[in-house]
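Fit chain B to the given chain A structure using the hints.
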Amino acid sequence: MKDILLQIEPLIPGLRRYARALVRNRATADDLVQDCLERAVATWHRRRKDRDPRSWVFAILHNLAVNRLRQMQRQGHRRADAAGDDQLFAQRTQEDRLQQRDLLRALAELPEDQCSVVLLVGVEDFTYAETAEVLAVPIGTVISRLARGREKLRRLLEGDTTTPRVRLRRRPYLRRVK
Amino acid sequence: MTGRPISEDDLQAYVDDALDESRRGEVVFYLRRHLEADLRVESYRMQRDILRAALAPVAEEPLPAEMDLARMMEAHRRASLAPWRRRAVALLIFSAGALAGWSLHVLVDPVPAGIAALAREAGENYDVYAPDLLQPVELGVAERTTLVEWISKRFSRPVTVPDLTTFGFDFMGGRLVATGHGPAVLFMYEDEAGTRLVMLSRPMRKDADAPLEQHSHGSIVGFAWADGGMGHSLVGHVPLDVMKSVAEEARRQLAKI
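Keeping their order, the protein sequence lines are chains A and B.
Residue 13 is where the first sequence starts when you use the working numbering, and the numbers rise one by one after that.
Residue 149 is where the second sequence starts when you use the working numbering, and the numbers rise one by one after that.
The shape of chain A in the complex, shown without the other chains (with noise of 0.2 Å):
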């Protein structure tokens, strides 16, 4: 029983980012996982001791996570709607703050398989193939999560009716064209 406390507990903070950018509240984020805890404390016994502590307890917040969203759809909520409530996440600097706020809100809209994906593989760094087992799908489905997720946000944040050519103009930090 001693390990849950080693491997588990490194993971808490990892565990809040990702329900709270999953689901959009943060008292219901940490509700989850707090259930995903006490689950994981319940069945640590049970699991399968050749899968990863890591995979397995994001799996737990994860479906623990997509329920509740459905729940919350079901009475009408929108993942969306808490996307301008600047409590949600706290920004650093002013100069940052605009781009992180503009990219937290098309977050928000991304449907939640998508998200998912963008989340655990760009922040969490689960490898595709972690992110496989988290979310019990094939790798290939991972990565066109992935592609279809990272081009709905670019779109997104940069339009999508822009040509490649106005977008250069607009956009400082492309290097390579000259």
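By construction, these hints were calculated from the structure, which means they are not laboratory data.
Please note that a few of the clues may not be correct.
Example chain A residues on the side facing chain B (calculated, C-beta under 7 Å, incomplete) [unchecked claim]:
(1) ARG32
(2) ARG60
(3) ASN79
(4) LEU116
(5) ALA159
(6) LEU165
Ideal Cβ positions, reconstructed from N, Cα and C, are used throughout, including at glycine.
What follows is chain B alone, placed relative to chain A:
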């Protein structure tokens, strides 16, 4: 150079630094000649960095007292000594749920018959019992024999519990539930990540024999069938192909009785 064409997967893996050195070189070479792809990849990378920065503060927040894992472990140890207490709480929650369910009963559209009705009942029962953390089943796996004898007596026919461990689903237990077509038995399974399946079975007056049929209830997928007057519907939130294999296996085992 392998000469393999660059795919969208390669571009994603490039963004995530998940390519080996030689493939990475090929992608870099490709991006130099393809402005559109280069712009996209650059945009994805930036996206990812901004997202990480935006979410980083969440992981730095102090943990609330409710997330004290050591305390949770202690509470779990004590709770497992007093199962009657959990039952009492579950009963309260169940009663509240049942009342809410009953008041909605009159609002729902006409009840379908036969296999369609069974499939719907399975979905409804999944909604009620699968998310329950305290008492999802009335008789647990330790009381399996009691459960099977009780239900067999109730249905006046032998009832068996399909073994789904080859798919990673362990039997958790079950309960008798009410449906618009009389009593049904609910068996619940769970895999080690906490994904739950529900199988609802009851005697059928209509559709006494019916082939495996896919149905959905909201976002839950399921398969229902009937053999020799007993109808079964297996539902859960798992990929469709997995669910189909699980249902085929359950049907195979149940047909053997």
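Checked hints:
1. ARG32: With Cβ-Cβ at 5 Å, under 7 Å, it holds.
2. ARG60: OK, holds: A:ARG60 within 7 Å of chain B, min 5 Å.
3. ASN79: Result: holds, 5 Å to nearest chain B Cβ.
4. LEU116: Since the shortest Cβ distance to chain B is 6 Å, the answer is holds.
5. ALA159: 5 Å, holds
6. LEU165: 6 Å, holds
The earlier numbered hints are all upheld by this structure, with none contradicted.
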